[in-house]
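Starting from the known structure of chain A, fit chains B, C and D onto it as the hints suggest.
Those protein sequence lines, which keep their order, are chains A, B, C and D. For the first sequence, counting from 1, position 22 maps to 22 in the working numbering; every step adds exactly one. For the second sequence, counting from 1, position 265 maps to 265 in the working numbering; every step adds exactly one. For the third sequence, counting from 1, position 119 maps to 119 in the working numbering; every step adds exactly one. For the fourth sequence, counting from 1, position 151 maps to 151 in the working numbering; every step adds exactly one.
There may be inaccurate statements among the hints.
Identical copies carry no separate label here, and so any pair may be met within one copy or between two of them.
Only pairs whose alpha carbons sit at most 25 Å apart, straight line, appear in this in silico PhoX-like list of lysine-lysine [to be verified]:
| # | residue 1 | residue 2 |
| --- | --- | --- |
| 1 | Lys63 | Lys201 |
| 2 | Lys63 | Lys303 |
| 3 | Lys214 | Lys116 |
| 4 | Lys303 | Lys6 |
| 5 | Lys6 | Lys214 |
| 6 | Lys148 | Lys324 |
| 7 | Lys6 | Lys70 |
| 8 | Lys319 | Lys194 |
| 9 | Lys75 | Lys214 |
| 10 | Lys75 | Lys194 |
| 11 | Lys324 | Lys6 |
| 12 | Lys6 | Lys75 |
Note that these hints are calculated values from the structure, not bench results. Model, not experiment: these values are computed from the prediction.
There are 4 protein chains.
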Amino acid sequence: MVTVLKPGVTEEQIENLCNWFSTRGLDVHISRGHYQTIIGLIGDTKKIDTELLESLEIVEAVKTISEPFKNANRKFHPDDTVIDINGVKIGGGNFALIAGPCSVESEEQIIEVAEKVKAAGADILRGGAFKPRTSPYDFQGLKDEGIKLLLKAKQVTGLPIITEIMNANHLSLFDDVDIIQVGARNMQNFDLLKELGHTKKPILLKRGLANNLKEFLMSAEYIMAGGNENIILCERGIRTFETYTRNTLDISAVPMLHELSHLPVVVDPSHSGGMSRLVKPLSLSAAAAGADGLMIEVHNDPKNALCDGAQSLTPEQFKDVADKVRKVYEVSR
Amino acid sequence: MVTVLKPGVTEEQIENLCNWFSTRGLDVHISRGHYQTIIGLIGDTKKIDTELLESLEIVEAVKTISEPFKNANRKFHPDDTVIDINGVKIGGGNFALIAGPCSVESEEQIIEVAEKVKAAGADILRGGAFKPRTSPYDFQGLKDEGIKLLLKAKQVTGLPIITEIMNANHLSLFDDVDIIQVGARNMQNFDLLKELGHTKKPILLKRGLANNLKEFLMSAEYIMAGGNENIILCERGIRTFETYTRNTLDISAVPMLHELSHLPVVVDPSHSGGMSRLVKPLSLSAAAAGADGLMIEVHNDPKNALCDGAQSLTPEQFKDVADKVRKVYEVSR
Amino acid sequence: MVTVLKPGVTEEQIENLCNWFSTRGLDVHISRGHYQTIIGLIGDTKKIDTELLESLEIVEAVKTISEPFKNANRKFHPDDTVIDINGVKIGGGNFALIAGPCSVESEEQIIEVAEKVKAAGADILRGGAFKPRTSPYDFQGLKDEGIKLLLKAKQVTGLPIITEIMNANHLSLFDDVDIIQVGARNMQNFDLLKELGHTKKPILLKRGLANNLKEFLMSAEYIMAGGNENIILCERGIRTFETYTRNTLDISAVPMLHELSHLPVVVDPSHSGGMSRLVKPLSLSAAAAGADGLMIEVHNDPKNALCDGAQSLTPEQFKDVADKVRKVYEVSR
Amino acid sequence: MVTVLKPGVTEEQIENLCNWFSTRGLDVHISRGHYQTIIGLIGDTKKIDTELLESLEIVEAVKTISEPFKNANRKFHPDDTVIDINGVKIGGGNFALIAGPCSVESEEQIIEVAEKVKAAGADILRGGAFKPRTSPYDFQGLKDEGIKLLLKAKQVTGLPIITEIMNANHLSLFDDVDIIQVGARNMQNFDLLKELGHTKKPILLKRGLANNLKEFLMSAEYIMAGGNENIILCERGIRTFETYTRNTLDISAVPMLHELSHLPVVVDPSHSGGMSRLVKPLSLSAAAAGADGLMIEVHNDPKNALCDGAQSLTPEQFKDVADKVRKVYEVSR
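In isolation and in its complexed conformation, chain A is listed as follows (with noise of 0.2 Å):
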């Protein structure tokens, strides 16, 4: 961390100033340049607010350098993270394909939906069963139901699922689940994060709507700080100012997030755009972008879906896109 000082503090103030810093622990180093004086600080600057300090009325700036993340990042950790779910892979050159319904119906739609997705190529099911909906007069899910829908079609077709936790409550509810999905609201949801760093199940955590990418991999960091390391990154599209689509879908994150850090990113096109004819493009892009997978939305009647049907692909449709996709990951890599 670097403090720059306004011109002309005095040598009393530098000094009460560096005290401070050394009753936190920090080694001070300082350079006196012609207009400005600059004070380096070794150590564990985190103990620091830097908001404070900048308020103080002797410093001008205070940069911080290094980034606050740890586990998650990829200067300590330099290899890519592959997510292994009883043999389908994520990451390190591993692309999968995660399909399903928004939610979880009845035993009839999700066996149906499972098998199509699973003949189409997906490589995971999805299906929401705990639903976040903005409105409490929504559909809020079929719940532990659905959980117990989802293993069944699970069982039949052999597909991994991953379905979406909203209370660490419900924690055993998910015990036969592969994949555990934070939606975008719970993204800083502390004490759900860190229930599940002392889990060992794979998380798959979603970008918050107005959180940048520090934060999220903050959020990663939570639940790594707990020791449960099996984090899947998951880009769903920002809030921005444009209204033509839901969301925006932050294309630039996969290369950043796998810049920044080495866990796996997956691209979530069905909920950043919010149609279904945005559903090909965008993950076409995402394939291209470098994305380690994708998470798209597939329903047997996307017209009769009880919850976001405009933006679902008939299984017709999705096994065109997972076609496409695989192509455009090869040429693109």
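Chains B, C and D in isolation, oriented as in the chain A frame:
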């Protein structure tokens, strides 16, 4: 809800669509214009997925008319809600000042601050016990111990207290807390909101960083749908491209929320700006815009605060703000 | 346009409003529902100030139906527009690569870069002569001298050239320029757009940093309304809260613009990300999303470039990108 | 400027980099820490492309210290600038009210409005002659005829006048205009700014919808660099994800601009909110935050205004706002 069909749609297609609406229990009202046909829908249109409808090939546009929030809506509840906490009133012409440290740090600290902010004109004491922090390595609050210290400060000063909840499992710890705060990051933690709906405690609900006013009111609706109508809305800045300030205080939200809802609206000028020197101008502007109160961070020793010292006022600075704010509130009415 | 009235509006109020519409030459179509009355308006509704209408006390909501752009609208022009520049085609299945330095610096530099990008597969040469810079103290370009050097490079290599205009008074300098670029900051410099509408030159119009797709197409409409239909739209990133990248490439804009308009859409991956190492993944993702071309900054000596060296590729890096981009474009179609 | 090198950089690499700085005329100051080396740079660092520097393999981070604006910077000009227009003062404790219609429509209209806003307390008359409109099909203003009508209103009432320029070629038409307005869309029309720098006219510069405060001040710097220091900054709302209001008034910009710059700051509450009923609360909040003035749209017949009637006050409403605003300004100081 109004559905506008594309030009050239056939009678058969219109009939099919109207049947589909009927199976969902809606009355249909068709207006045939020169170029386009418009279908008005009457009944519980919440059962319709508008985005799906919009995605149909024969549909040009779907226009919803009524706001999706009911209990929070001023239309159905024209009079201002007044929240009464042991005689301290917020809303309907009653202005309240909430003040105290970001974090409770020790008995001495919280009692000293409590006494000073009371003397300076505060009506309610704030103090963080459970702290949501972006980094898992930052101070996470004194937790249940912090609540006990707040209760001591309440006993000593008589000030009602407010503190943040992060986990519904902690609810029993809040039995003697006067107002429960839901932080910006948990504004869409729907399971937590539902639990709070089953209490009778006043809830101060902070707006999420990327949430629009409709989503904000829908989260209030989650609590109200459970039977708890004691909600205080809190604007605390939104995330924009501007980085000179930590967040951008959306001052227009104050009059807009008053128009849309009968619930009281307070402003947090400390988190909005992230700098102590912005607290005064933002406080005055909030009072001028008609806010029903302010929540301000005050610390006896900002330079050594464990958290967010940069945005804390000293008790002396707070007194100056409190005095001016009340004057501005009066002349602005 | 549909105007929804509030419940409880009187017949007299409805009649007054309908008379007001009639004086503006509109046909009125009234639908009386159980609770609310809806007025459909037919005719040239552009004469109505919708925001004023919305602000009337008896009006609940106003819903516009048709897009305000006409010439740029795919509805009225279903086939893709193909821009032909001396045999180089953009749009309608024709993919074009535009490459060259941010700024023209010298004859040697621009000719060397031109020859190298041509050899690497570029179809068109770019180079800045008039440079819009945030600071008045930064290099502002070689101006008319820069255009002369570009014309030399065109003569030597045969590549058509594109360069930016900042002032309609300079138009005569662009007589031999093949495509005139309008920069993001001038996207709503309406006087400049009008002047360009009176030429026949192809115009590459960049999207403004904070402009939505409707405003973008309305700016194209300004040029087209003057009679010049040779417009190439260019997505170059929008401003969001995310600061890891200079701007956020709105990749969804590519398929959305193709849906809304018949005009070709190219992407500028250099300015979007602001970093040379993002150019390749963003270029591939743009081609996968269906872009009709790319505009990429290439410099023979990025470290010593007078402007924007950080985002420039070397000619060798450009060749690698160009080769892969064409493959991705093919497999994505 | 401070350049932080990555761990493990060799002495030779450091030497090469320092030589590169030296060729650019900078003094180099090396601080070797335990883990990292930091290079301080003294001299005219504007010659360094910081993004290029950041992109070098051996560089961890680059931190700039000083603000890039000079003439507009309060550091070098601690006293408030006061703009004096025929005795009407703005800034340095002088509060001015600018009022008038969005567009000049006729002689009767502008004179009637001018007389009424003067009687209600306005100091300066505004009125649009050249109108920037998103659509080429919307009313574009009376142009030079509009300016003549404004000058008549000035003659009749004695009020100084302000109107917007869209094209430097029109400058001669503004000879008798008292303040020239640069609209938000032209904030980075650098050629226009340069031309205005060569006049001595007071310029009211509006902030662009997506421009941060630094860019805003850099645009002021463009004018000041030409010799014209009579700049009034105008905050008029920024573009965010929130759509309940047309734009989001960035109220924090008022105190922040006062801290960064000595130039007066006025607020436009009419365009910020886009609704007449928001003008009063936003005006009061701006005065409370320390704005040096307000620019408010007032029309004698808002329902029939040719442009932006939705956000215009009647003269009676304006009088109420004017009276309260001055009281709030006084008690907030």
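Open item on the list: As a check of your reading, is lysine 63 near lysine 201 (CA-CA no more than 25 Å) within one copy, between copies, both or neither?
Closed with: neither (37 Å within a copy, 40 Å between copies)
- [ ] Measure nothing new, just compare the shortest in-copy and cross-copy C-alpha distances for lysine 6 and lysine 214 to 25 Å and report within, between, both or neither.
- [x] between (29 Å within a copy, 19 Å between copies)
- [ ] Using 25 Å as the alpha carbon limit, work out where lysine 324 and lysine 6 are close: within a copy, between copies, both or neither.
- [x] neither (58 Å within a copy, 31 Å between copies)
Open item on the list: Treating 25 Å as the Cα threshold, decide for lysine 319 and lysine 194: within, between, both or neither.
Closed with: Neither way: lysine 319 and lysine 194 sit 38 Å apart in one copy and 39 Å across, limit 25 Å.
Task: Status of lysine 75 relative to lysine 6 across identical chains (alpha carbons, at most 25 Å) - done: Close across copies (11 Å), not inside one copy (33 Å); limit 25 Å.
Open item on the list: When Cα atoms must be at most 25 Å apart, do lysine 303 and lysine 6 count as within-copy, between-copy, both, or neither?
Closed with: between (64 Å within a copy, 18 Å between copies)
Task: Status of lysine 214 relative to lysine 75 across identical chains (alpha carbons, at most 25 Å) - done: Within one copy only: 14 Å inside a chain, 32 Å across chains, cut-off 25 Å.
Open item on the list: As a check of your reading, is lysine 214 near lysine 116 (CA-CA no more than 25 Å) within one copy, between copies, both or neither?
Closed with: neither (38 Å within a copy, 38 Å between copies)
Task: Identical-chain pair category, lysine 63 with lysine 303, by Cα at 25 Å - done: between (53 Å within a copy, 18 Å between copies)
Task: lysine 148 and lysine 324: within-copy, between-copy, both or neither at 25 Å Cα - done: neither (33 Å within a copy, 45 Å between copies)
Open item on the list: Reference check for the pair lysine 6 and lysine 70, CA-CA at most 25 Å: within, between, both, or neither?
Closed with: Classified as between: cross-chain Cα gap 16 Å, same-chain 32 Å, threshold 25 Å.
TODO: First find the shortest C-alpha distance between lysine 75 and lysine 194 inside one copy, then the shortest across copies, and answer within, between, both or neither for a cut-off of 25 Å.
DONE: within (24 Å within a copy, 42 Å between copies)
Consistency with the previously given hints fails for numbers 1, 3, 6, 8 and 11, ordered from lowest to highest.
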